[in-house]
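Chemist: Sequence:
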Amino acid sequence: CIRDSFTIVLVAVVLLAVLDVERYRRIRKGLAQPEVLRAAEWVVMVVPLMIAVVESFDSLAYVLLLAAEGAALMTWGGFTRVRRRAVVGLIAITTAIALGVLIPLIGEVRDGLTGGGWLIVGAVAALIFIVAGSLIEKQRVRIGEQLSRWGEILEAWE
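The sequence shown begins at 2 in our numbering and counts up one residue at a time.
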């Protein structure tokens, strides 16, 4: 049920907030960050995401929940300048987009996609790859410069 997953996400957010308060307290006092705190943070970040991924095969509403969780983690990672949160959020958003496309496609395949349907799927996929490749190639230098800037910014993050 989507309500149960929403409750899990709320509990995870509260636990992450508690872990973050403890992390900042240790930073202020100059204490080392125990690995147990980092491991707990990873578990609390990843488990609700995995539940949403598994449940998304039953309902596409979970894909929206996964995207919202990812956006929240990415935003929180940006505000607190913690790279791992931003990366987990980005992975969650990317996974939500992929699942949003793949789950309906898997349903069509399961129901028996005809020859013309496969032709349409292949043509659309080829068109997407050609357009994306040409756009990336045109902007290659600019993309490289932007990635270098982002790398410099993220170097200072924890």
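Since the hints were made in silico from the structure, they are not lab data. All of these numbers come straight from a predicted model, not from anything done at the bench. A couple of the hints might just be wrong.
Claimed, not checked - Label pairs and their computed distance ranges (CB to CB):
(1) E159 with E138: 31 to 37 Å
(2) A62 with E156: 37 to 43 Å
(3) V102 with V37: 19 to 25 Å
Glycine included, each C-beta is placed from N, C-alpha and C at the ideal position.
Chemist: Hint by hint, say whether it matches the structure.
Modeler: Hints, verified against the model:
1. E159 with E138: 31 to 37 Å: Between E159 and E138, where Cβ atoms are some 35 Å apart, the hint holds.
2. A62 with E156: 37 to 43 Å: holds, 38 Å
3. V102 with V37: 19 to 25 Å: Violated: the Cβ-Cβ distance is about 38 Å, outside 19 to 25 Å.
In terms of the numbered hints stated before, the structure departs from hint 3 and from no other.
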